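Trainee: Here's the letter readout for the chains.
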Amino acid sequence: MLIMSDHSKSSPLPTYFAVFIALLIGTGLTVYASGLDLGPFNAPIALAIASIKATLVALFFMHIKGASEKLTKLVVIAALFFLLLLLGLTMTDYATRAWS
Amino acid sequence: MPDSSTATGLHTEAHNPALLHHFAEPQQQRDAASLGMWVFLATEVMFFGGLFCAYLVYRLKYFGDFGAASKTLNVTLGATNTAVLICSSLTVVLAVWAAQSARRTLLIGSLGITMILGLVFLGIKGVEYNDKFVEHHVPGASFSFEKVPTPGHPGQYADPHHAQLFFSLYFVMTGLHALHMIIGLGIFLWLLIMACKGRFTPEWHTPVEIGGLYWHFVDIIWIYLFPLLYLIDRHP
Chain A
25 MLIMSDHSKS
35 SPLPTYFAVF
45 IALLIGTGLT
55 VYASGLDLGP
65 FNAPIALAIA
75 SIKATLVALF
85 FMHIKGASEK
95 LTKLVVIAAL
105 FFLLLLLGLT
115 MTDYATRAWS
Chain B
-9 MPDSSTATGL
1 HTEAHNPALL
11 HHFAEPQQQR
21 DAASLGMWVF
31 LATEVMFFGG
41 LFCAYLVYRL
51 KYFGDFGAAS
61 KTLNVTLGAT
71 NTAVLICSSL
81 TVVLAVWAAQ
91 SARRTLLIGS
101 LGITMILGLV
111 FLGIKGVEYN
121 DKFVEHHVPG
131 ASFSFEKVPT
141 PGHPGQYADP
151 HHAQLFFSLY
161 FVMTGLHALH
171 MIIGLGIFLW
181 LLIMACKGRF
191 TPEWHTPVEI
201 GGLYWHFVDI
211 IWIYLFPLLY
221 LIDRHP
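Line by line, the protein sequences are chains A and B. Position in the first sequence (from 1) plus 24 gives the number in the numbering used here. Counting from 1, position 16 in the second sequence corresponds to residue 6 in the numbering used here; the numbering is continuous, with no gaps.
Keep in mind the hints are simulated off the structure, nothing from the lab. The model shown is predicted, which means the values in this text are computed figures rather than measured ones. Every residue, glycine too, gets a C-beta built ideally from N, C-alpha and C. Take the hints with a grain of salt, since some may be wrong.
Here are the simulated distance ranges between beta carbons [unchecked claim]:
#1 A:S75 with B:L9: 35 to 41 Å
#2 B:H12 with A:K89: 27 to 33 Å
#3 B:Y147 with A:L37: 52 to 58 Å
#4 B:H12 with A:K94: 19 to 25 Å
#5 A:G52 with B:I183: 46 to 52 Å
#6 B:F133 with A:L98: 43 to 49 Å
#7 A:F41 with B:G142: 38 to 44 Å
#8 A:P38 with B:P139: 44 to 50 Å
With these hints in hand, go ahead and build the complete structure from the sequences.
Mentor: What follows is the structure in structure tokens.
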């Protein structure tokens, strides 16, 4: 019977707890890094840590990894692509407005 | 109607009762539900994306003023709330796993703890909002942000108008996030009632799965809001 999906054949609990610990460590790390003077790198490091945390949540908690349907992955990539368009094209305007 | 009873008899033999008629197999039914939720979450990405975009534009334009305004937020409470949401995400995956593996007590417990953590988050948020009202940092007629030094520029003070813009974005972004939390609590209350009635089985627990997707998404939004609002220009 096709009742259980692929990712639940072996227990996923160790993975869940490992991701949970990693997310808590990431939170501690980002608070610690914000207290250091890293010059222009403070914001990129904070955003990099946030993106790693978000990726962990999406891959393991939201089951993107091991999703049987490729369409789901396509929707996620499309959402990120359009977000990038929104931010990227807006900044090509604002970042080059030397006259304002 | 003898014909229809024969048809029903054939129907139950050929089909899993948890499987809707228009799907070929349970896996297809589950994939369709989760794909629909992901499409909704993609629209949510664009919804919040507009606010993140506005934040990015004004943060770069009024860099020091945003830094000064951000420094007035309470990092301890913000970090605590981040941890609270991460814990709630763990209880949500435990709930989904419990539903998959027919562990009803764990399912009900996980859903209940998730709701408690969601309420703790909103409570801490309320304390933070109250602090902002007391300090007159809420945009509007009584807004006051006088003589607050700009980080990295000794002797300079932040422009109150630009700082007010930061607090406008702060309240809209965290407020919209809090609204999503409140909706999430409503969804989880419904899931809890359904779980107590024993409606979820390993064959059919789609609401737990896609409700969980929603909750994790709201967690991801906060994962970005926390450093962008609380942690810019923290260093001495």
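Trainee: Each hint needs a verdict: does it hold in this structure or not?
Mentor: Tested hints:
no., hint, in the structure
1, A:S75 with B:L9: 35 to 41 Å, "holds, 38 Å"
2, B:H12 with A:K89: 27 to 33 Å, "holds, 29 Å"
3, B:Y147 with A:L37: 52 to 58 Å, "holds, 53 Å"
4, B:H12 with A:K94: 19 to 25 Å, "holds, 21 Å"
5, A:G52 with B:I183: 46 to 52 Å, "violated, 36 Å"
6, B:F133 with A:L98: 43 to 49 Å, "holds, 45 Å"
7, A:F41 with B:G142: 38 to 44 Å, "holds, 41 Å"
8, A:P38 with B:P139: 44 to 50 Å, "holds, 49 Å"
The earlier numbered hint that this structure contradicts is number 5, and it is the only one.
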